[in-house]
Amino acid sequence: MVPTSLADLNDVQFDYIKMKLKPKLSGVEAARNDMAFVTYQMYAMVKVHIYIYVCVYIYIYIYIYVCI
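Heads up, the sequence shown is in our numbering, so the first residue is 203 and it goes up one at a time.
Quick caveat, the hints were computed from the structure, so don't treat them as lab data.
Where is the CB? At the ideal position from N, CA and C, for every residue including glycine.
Treat each hint with caution, since some may be false.
[As the list claims (entries may be wrong)] No farther apart than 30 Å at their CA atoms in a straight line, the calculated lysine-lysine pairs in the DSSO-like style are these:
hint	residue 1	residue 2
1	Lys222	Lys249
2	Lys224	Lys249
3	Lys220	Lys249
4	Lys226	Lys249
[To be verified] Label-pair restraints from in silico Cβ distances:
hint	residue 1	residue 2	range
5	Lys220	Ile252	30 to 40 Å
6	Asn235	Cys269	43 to 53 Å
7	Tyr261	Val240	25 to 35 Å
8	Tyr218	Val256	36 to 46 Å
9	Tyr261	Ile219	19 to 29 Å
10	Thr241	Val214	18 to 28 Å
11	Ile262	Leu223	25 to 35 Å
12	Arg234	Cys269	18 to 28 Å
13	Tyr267	Gly229	36 to 46 Å
14	Asn235	Ile266	44 to 54 Å
15	Gly229	Cys269	37 to 47 Å
All chains should be built: construct the whole structure from the sequences, respecting the hints.
Written out as structure tokens, the structure is:
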């Protein structure tokens, strides 16, 4: 699917989040608070993505400003 408008871009982003979050929600039925469970799973997913991006930028910075 190729986005043709801004609304389509939001749909693509939301679909990506749902795709990444779905495998992490297998234990939601057993959770005492289902909203807290889903919120924590989303937090953990975002934390990993931010960590990856920060590490990549650090390595790029080191390569450009230190190694060259």
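Verification of the hints:
1. Lys222 <-> Lys249: 13 Å, holds
2. Lys224 <-> Lys249: Answer holds: Lys224 to Lys249 is near 17 Å, not above 30 Å.
3. Lys220 <-> Lys249: 16 Å, holds
4. Lys226 <-> Lys249: Within the cut-off at roughly 14 Å; holds.
5. Lys220 <-> Ile252: 30 to 40 Å: 19 Å, violated
6. Asn235 <-> Cys269: 43 to 53 Å: With Cβ atoms ~48 Å apart, the hint holds.
7. Tyr261 <-> Val240: 25 to 35 Å: Between Tyr261 and Val240, where Cβ atoms are some 32 Å apart, the hint holds.
8. Tyr218 <-> Val256: 36 to 46 Å: 20 Å, violated
9. Tyr261 <-> Ile219: 19 to 29 Å: 26 Å, holds
10. Thr241 <-> Val214: 18 to 28 Å: 23 Å, holds
11. Ile262 <-> Leu223: 25 to 35 Å: 28 Å, holds
12. Arg234 <-> Cys269: 18 to 28 Å: At 50 Å between Cβs, range violated.
13. Tyr267 <-> Gly229: 36 to 46 Å: For Gly229 against Tyr267, whose Cβ atoms are near 44 Å apart, the range 36 to 46 Å holds.
14. Asn235 <-> Ile266: 44 to 54 Å: 46 Å, holds
15. Gly229 <-> Cys269: 37 to 47 Å: Roughly 44 Å apart at Cβ, these two residues keep to the hinted range, so it holds.
This entry does not satisfy hints 5, 8 and 12, going by the numbered hints stated previously.
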